[in-house]
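A.B. asks: Here is how the chains run, residue by residue.
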Amino acid sequence: MKRLILFLPILLLLSAWSLPASAASELPEDILKELSEGLPPLSAESLPEGIGDTEALRRAVGVRHLFEVMIDGFSGAAPPIFRTAVMLAGALLLYAVLASLLTSHGAGILRVTDAAFGVLFALLIYNGLSSAFERSAAYLADLGRLAELAAPAMGALYLAGGNVGSAAAGGGAMAALSLILEHLVGAALLPLLRVMLGFLLVSAIGEVKTEGLCTTLRTVYITVLGIFCTLTSAALALGNVLGAAADSLSLRSLRFAVGQMVPIVGGTVAGGLATASASVGLVRSTAGIGVSAAILLPLFAVVAELLLSRLALSLLSTLGTLFGTATPVRLLRGFRSLFDLCLAATVFSAMLFVFIAALFAACRPAVL
Amino acid sequence: MSFYRLCGICILLGVLAITAKEGGGRFAPLIGLSGGIFLLSHAISRYGEVIGLLSSFSDNELSSSLLSLALRIVALCILTEVSAGICRDLGEGGLAARMELCGRAEILLVTLPTFTKLLDIAIGYLRV
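Chains F and A, in that order, give the protein sequences. Position in the first sequence (first residue = 1) + 414 = the working numbering. Position in the second sequence (first residue = 1) + 16 = the working numbering.
Read the hints as simulated data drawn from the structure, not as lab findings. One should not assume that every hint holds.
Stated by the list, open to error - Not everything, but these chain F residues come out facing chain A in the computed CB check (under 7 Å): (1) ILE523; (2) THR527; (3) LEU611.
Stated by the list, open to error - Covered, in the sense of this in silico footprint (three residues per stretch, anywhere, with C-beta under 8 Å from a C-beta of chain A), are these stretches of chain F: (4) 501-507; (5) 529-537; (6) 540-548.
We treat Cβ as the ideally placed atom computed from N, Cα and C, and that holds for glycine.
Using the sequences and the accompanying hints, generate a full structural model.
C.D. replies: Quick look at the structure:
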């Protein structure tokens, strides 16, 4: 009788915690399918065979494949950037010859020529290298969409593994990440980049100097992003670890109670719970790796293009300094600082996302 | 024409101009003028080759048109400066200044569509 009285609340508890077993048998496959089908275009193109194939995913995030993707990214982005750089270098040389001729003979016409060449340079740089911006903006927009897609899937998989505390922490993580991507990247960075690019293009005409404003905007943005990301990452990691520990402890106690107190079938139920959680753990790690791959693989192409563009701008800026051309050098440095900001924000956002996905994949189901 | 031959012609024209000056000086400015036109046409054709080579690297129409515009600006600059210099050599400083003014206006006029295009792009970006 005493055992029966103890059994009733445990039964009630089990019904309340029944999500893991049912979810493990049906939910994960649906979640993986949904994740795979809902991937943003850039991520979907880069994944080998969707998110469902664990082996393919493991190969996709292997060091060897990542290196191959990186080299592909560099070799794909190099030719157009090289062509633009050669064109700009030629125009720079032409301008340097003309400027030296005008400085020695007719300074009167130099100012007009300077403005005209400034406009030409700005348009040439914009025309040749703006595709890196567009690609970066598309990637950041994709990250935002991926955060929206992954948040419910991760929450459901946490619950399926019995990690109620982690589900709350993970849900909070994804909510925070969505907030960062939406506000700091979507709502702030892209308009900020557009405004800075607009100012930079305007500054190409004559003596309009906007570098100070752009530098201040960039510094403030990077500082805010850095502080926000550090605080969020630390809070998320701590919350997740604490949540996982608490979940593990409570479910271990529950499993022990079921195994000890429920006659005959208790051990089987507890064992089944563990098996179900193990399968959820596998699915969760697959989803984690899949999300990481969906972020990392397209990131390399974006970063390669941004880095190569930045390198070309640095080399041209040095060349311009050697030739003594002030206006083109000013423009080249302005564009380079814009690429710096874009690069920092893209890598920051992607790494934060990978960090959360890794945390999610590494979090063991509570019953194991 | 090779650059060495060009240098030789230039020196020869200089010697001729000095000789003409010593003999009365009436034809000396004309020799300078003809030499200037000859050198200018050569310089512009060489710059044209450079721009043609650079245009071969561009993969779209805008870059090519920008580079040909650069060539036009270079030609206008050199033409203005050479013309103004010849006017000064002939003792017409005022005419040289007017020539420079016309040159500036011409460069502005040639570049104006590009200015407009740049401002359109910039305003498009600033209109968030």
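A.B. asks: For the region 529-537 of chain F, does the count of residues with a C-beta closer than 8 Å to a C-beta of chain A reach 3?
C.D. replies: holds (count 7)
A.B. asks: Closer than 7 Å between Cβ atoms is the bar; does THR527(F) clear it against chain A? Give me holds or violated.
C.D. replies: holds, 6 Å
A.B. asks: Does ILE523(F) pass the interface check with chain A, least Cβ-Cβ distance below 7 Å?
C.D. replies: Cβ of ILE523(F) sits 6 Å from chain A, so the hint holds.
A.B. asks: According to a criterion of three or more residues whose C-beta lies within less than 8 Å of a C-beta of chain A, is the region 501-507 of chain F covered?
C.D. replies: It holds: at least three residues are needed, and the region 501-507 of chain F offers 3 whose Cβ sits within less than 8 Å of chain A.
A.B. asks: Using C-beta distances, would you say chain A covers the region 540-548 of chain F, given that this needs three or more residues below 8 Å?
C.D. replies: holds (count 3)
A.B. asks: Hint validation: LEU611(F) versus chain A, beta carbon distance must be below 7 Å. Holds or violated?
C.D. replies: Where the cut-off is 7 Å and the nearest Cβ of chain A is about 5 Å from LEU611(F), the hint holds.
In this structure, every one of the numbered hints holds.
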